[in-house]
Each structure stands twice: as structure tokens, then as C-alpha cells.
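Asks: Residues per chain are reported as follows:
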Amino acid sequence: MSYTALALLGVAGALVVDLAVLRTRLVLSRVFWTTYGIILFFQLITNGILTGRGVVTYDPSTIVGLRIVYAPVEDLLFGFALILLTLTVWVWQERPRYRRTSGPDGASVRPARGRGSPRT
Amino acid sequence: MRFTYLAVLAGCLLATLPLELFLRARVYARWRRWLLALAPAFVVFVAWDLYAISRGQWFFDPAQTVGVVLPGGIPLEEVLFFLVVPTCALLAFEAVRRVTCR
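Residue numbers (our numbering), protein chains in the order written: chain A, 1 to 120; chain B, 1 to 102.
Okay, chain A solo, but in the shape it has when bound (with noise of 0.2 Å):
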């Protein structure tokens, strides 16, 4: 698969898990594009020292060919998925744990400790 398919592979997988795997919702939060505005700034500047300097080259057979600050614009998708899903799992831990939580729908409701619940 080229860099280019992976790397919406990659963006979908991570949207997948906030919004429908661990429900943390990130995506949706104002929180989340803040910091993500920070991260995008700082990304211009090392990714761009990266590929600019090329300590990484790419195969252009693989990627679009659009390039922002010297990196291919997959680079930006392959940091957002990233980000994401690490974002995603730090928030996830915040979850009360063996403790019945009602979630949006019955299906998130968690079984009270010690009733040989599957761990999440």
C-alpha cells in the first residue's frame, strides 16, 4: 500500500477508536483542536528541518507529490493518527474504573468489580 492510502488508513483507524472503540470522543472536543493547532505548529517546524535537511526522503512514487514546509502532506495525516490515538488512550484511563457507569447507551455500562468482567 503506498504512504498515501496508509495514511488515511491511519487517520480513519484513529478516528475509529476515539469515536466508536473507546468512546473517548476527542474529535469532538474543543481541547483536542487546541492542542492540535500547537502540535501542527511545531510539526511545520520538525518535520520541515527533516525532510528539508533530508534526514528522510521519501519515494515519490509513493506519496501525492503535495508538499507543506518540505514534507508530504502524508506526514500531517500519519502526526494527526498519531496524536490521536495517543490523546485517546491517555483520556481513556480517566474512565471510572470498576465502578456502574451509565454511558450514552446500555451497551457501555460496565458490570460492577469482581464479577469476572472481561478487562478492557
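Calculated from the structure, these hints are not laboratory results.
Since the structure is predicted, the reported quantities are computational estimates derived from the model, not experimental observations.
Be careful, since some hints might not be right.
Unchecked claim - Beta-carbon label-pair distances, calculated as ranges:
#, chain 1, residue 1, chain 2, residue 2, range
1, A, 19, B, 62, 24 to 30 Å
2, A, 28, B, 56, 24 to 30 Å
3, B, 29, A, 67, 37 to 43 Å
4, A, 61, B, 63, 23 to 29 Å
5, A, 67, B, 3, 24 to 30 Å
6, A, 25, B, 63, 41 to 47 Å
Every residue gets a Cβ at the ideal spot worked out from N, C-alpha and C, and that includes glycine.
Let chain A serve as the given structure and place chain B on it in line with the hints.
Replies: Same frame as chain A, but now just chain B:
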């Protein structure tokens, strides 16, 4: 310069350190949670990187890396990247939360 890539990573860690020390992001302080947050993405993205390297999708300049190449042809710096960048993201996230009072 052999240390280009390593220097960029060190710069990222240094630049975000004040978020932990002065804005009390408490990412390093909650080290178990920090490592657990990094683990899934680390596994997925290192695997992705190894695939890309094996397919020749990207290359690393031997003259700008320290020269420690791990199995699969991945430079040490590239592995560290998947620890450093997510850590910076967590620090930024917690700092934004502190500043905006959640």
C-alpha cells in the same frame, strides 16, 4: 551532522519540559498512565514504519543519524520519535487543559 535527527528530538523534549515543570501538566508524574498511553500507538506506528522501510517508501540519511540501526533497518532515532512526539502531545494537551481550566 550525525546528530541532526537526535537533536531535533532532544529539542522537542526540552521545549515541552516547562509544561511539566511550570504548568504542572503532570504527564511524567503519572508515569504508568504516560507509558500506557504511548504503548498502543508505539506498536502500531513502529510496525507501520518497518513496513514502509521494507517497501522502500522512505529512507534515512546515514550521515544525519547516529548510526544505531535496529532490526528491520529502523534507526534508533526513528524509534525514539514514537516516544518523544506522543509525549510532547500529551504535555501540550494537559497544558491546554490547565490553562483553560478543563
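Asks: Can you name, in rising order, the numbers of the hints this structure does not satisfy?
Replies: 1 and 2
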